[in-house]
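Chemist: Line by line, the protein sequences give chains X and P. Quick note on this note's numbering: the first sequence kicks off at 3 and runs consecutively. Quick note on this note's numbering: the second sequence kicks off at 22 and runs consecutively.
Mixed in with the good hints there might be a few duds.
Selected chain P positions facing chain X (in silico; Cβ < 7 Å) [unchecked claim]:
(1) 36
(2) 253
(3) 269
(4) 351
(5) 497
Think of the hints as simulated: they come from the structure by calculation, not from any bench. Backbone N, C-alpha and C define an ideal beta-carbon position, used for all residues, glycine too.
Residues per chain, in single letters:
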Amino acid sequence: MKVYIELYASLMALLPPGTQRFRREIIIDEGSSVQQLIDRFSISAELAHIVLLNGHFVCGDARKQQKLAEEDSVAIWPPVAGG
Amino acid sequence: MSWTRKILRVNLTQGTCTPEPLNMQWANDYLGQRGLATKYLCEEIDPKCDPLSPENKMIMATGPLTGTMASTAGRYSVITKGPLTNAIACSNSGGFLGNEFKNAGWDMIIFEGKSPEPVYLWISNDQVELRSAAAIWGKSAWETDDILHQIHQDPQIRVACVGRTAETGCLYSGIINDKHRAAGRSGVGTVMASKNLKAVAVRGTLGVGNVRDFGKFMSAVNDAKKVLADNAVTGQGLPAYGTQVLMNVMNGVGGLPSYNMKNVGFEGAQNISGEAMHEPRASDGKANLTTNAACFGCTIACGRISTVDKTHFTIENKPQYWGASGGLEYESAWSLGADTGIDDLNTITFVNFLCNEDGFDPISYGCTVAAAMEMFEAGDLTLEDTGGIELRFGSSEAFVQATEALVSGQGFGKDLGLGSKRLCEKYGRPELSMQVKGLEFPAYDPRGLQGIGLNYATSNRGACHVRGYTVASEILGIPVKTEQTATEGKAELVKAFQDATALVDSAGLCLFTTFAWGMDNIAPQVDGACEGDWTVEKCLEVGERIWNLERQFNNDAGFTSNDDKLPRRMLEEAIKGGPTDGQVNRLGEMLPKYYEIRGWTDKGEITAETKARLSL
């Protein structure tokens, strides 16, 4: 199943070489959860601070329950702020 | 007491500079900087005065921690009645000016009246004098800074000054210090220029040695610095990506307005993001971002120092802009970029340089141009009106031409200097101005973030994110995550952020420390430095008192609950598409509760009970 992963800020370093900016197409098993995708990139709970599934926050335990669907897009940020 | 207990009163009409003792009862009630200067202003001017008349006063103020060893403690604020809003104006700046001014032995300077000729104030510790500004009037802020350094032959003096737009009456001109730090919002520079005051140049060597309990203070300071260093935001995120890291975040969550806030979401966001600032350019292999930078005493260092591509049309024949200078923060990248539909990092960095060079607020300016673009595309503004500028969304060329017109103060540039509210009124489309109380919106859409909408509507200086930065909670999960599209609990959230921020702004500290610090980190530092038992509870009470004092000033100036509102677009035009599809701001669900917990009437007036509780 094809999904997209977007890693921002310092997490960009975890993307494979050749990735255009922050976004990468990934093939994962059917029925994979958001957390399994996070684990694939070895991102700790502390660093997976903001996790968006198609623009919507997925927080805490919901990451284990939330299954991914074809063409879903998951974006992850470490703790960031501005203003 | 880290107050110097000395203020300087400068009567520009008479040309006198007079030291006075600081009112220590007021210092105990309002702490310093924003709060204390607001108290002085409220006591000394008629809130109904014309902001650009000699009757208005302008106060430059430090906090009790300014110039101390506390992290980020180099701040100063400018407090006056603002010409863009006719409301209380308070604009805060970093850099090194605040520290120098405090080291010269002054807590604040009160400017009153109007000089018959252009002058600048020279301060060398307790030697102060008004000098002719003949050599610098008509010059940009950058030229003024250079000339004053040359005149005084001292590389260590610090300069705060206005550029050319303030002199020609642009209503959102700021005060620039250290060439690219700014007391940028609310038109405080316009007030300064209206007094024929071009600059303040300072050298201070007295030190800030009057800390109440040095051991306790340094213990609190060291503990708090460790918190900043260990925190992922202040220790890693902000130094690496600056505030600009938010561009992709806000676009991702459905909170990034674009095209004069017609839309939410910007297709070019990634091209003008903090991450894009790190990417090597094709022409020279260098990134837009040269380095990060810190203000005085700061252990975060979020500042951006950038270059524009030398081959870019904006600067290819202008070598004076080839060097590195103050780069894009998130707010300026949004207003100059997403809101105008321009995704060219070089163009918006260049325009940001011009904002610094001549001292005009990039938020208000970008929003004003965006409103003008919408009116131009709708046919409300013609080529004749714009002086031949094809002012369409996304046009870098038109944007640069418009900026040059603004700096010239001539023709359509004069119109742009009015700000979006007056510009849209002039051309018959007042509903296209995205502002509250006349101050243009920052970079967060109130339809996608309910709490920030309530904060904009109630902010004492008009639409301002740094009066109550609920984005921290609604999006960034600091200190806890709240649902961005919910209205429940937002009145309490807004009040808490507004009161805490008023205290931080009055201490001499940077608001960005609060991404890591709570009041339990701040209060011990204030208490170590100042007499008065500054507990967490007292700090929060003082913050609330300051907020209410500002509100009282506005009410006395003629503002009512009718001014606590958002543009119709935010309330009626729903977001189309993306994660916040269908949302409008539901201000009406939040505002009554906000008034109630503030202890105000349903008309937004402070009740007698609240005044008594806060000793107002």
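Chemist: Tell me if the interface restraint on residue 36/P is satisfied: Cβ within less than 7 Å of some Cβ in chain X.
Modeler: Constraint on residue 36/P not satisfied, violated at 40 Å.
Chemist: A closest beta-carbon separation below 7 Å is what the hint needs, so does residue 497/P meet it against chain X?
Modeler: holds, 5 Å
Chemist: A closest beta-carbon separation below 7 Å is what the hint needs, so does residue 253/P meet it against chain X?
Modeler: It holds, given that the least Cβ distance between residue 253/P and chain X is near 4 Å, below 7 Å.
Chemist: Any CB of chain X closer than 7 Å to the CB of residue 269/P?
Modeler: Holds: closest Cβ of chain X sits about 5 Å from residue 269/P, inside 7 Å.
Chemist: Going by Cβ atoms only, is residue 351/P closer than 7 Å to chain X?
Modeler: holds, 5 Å
Hint 1 alone, counting from the list given before, is not met by this structure.
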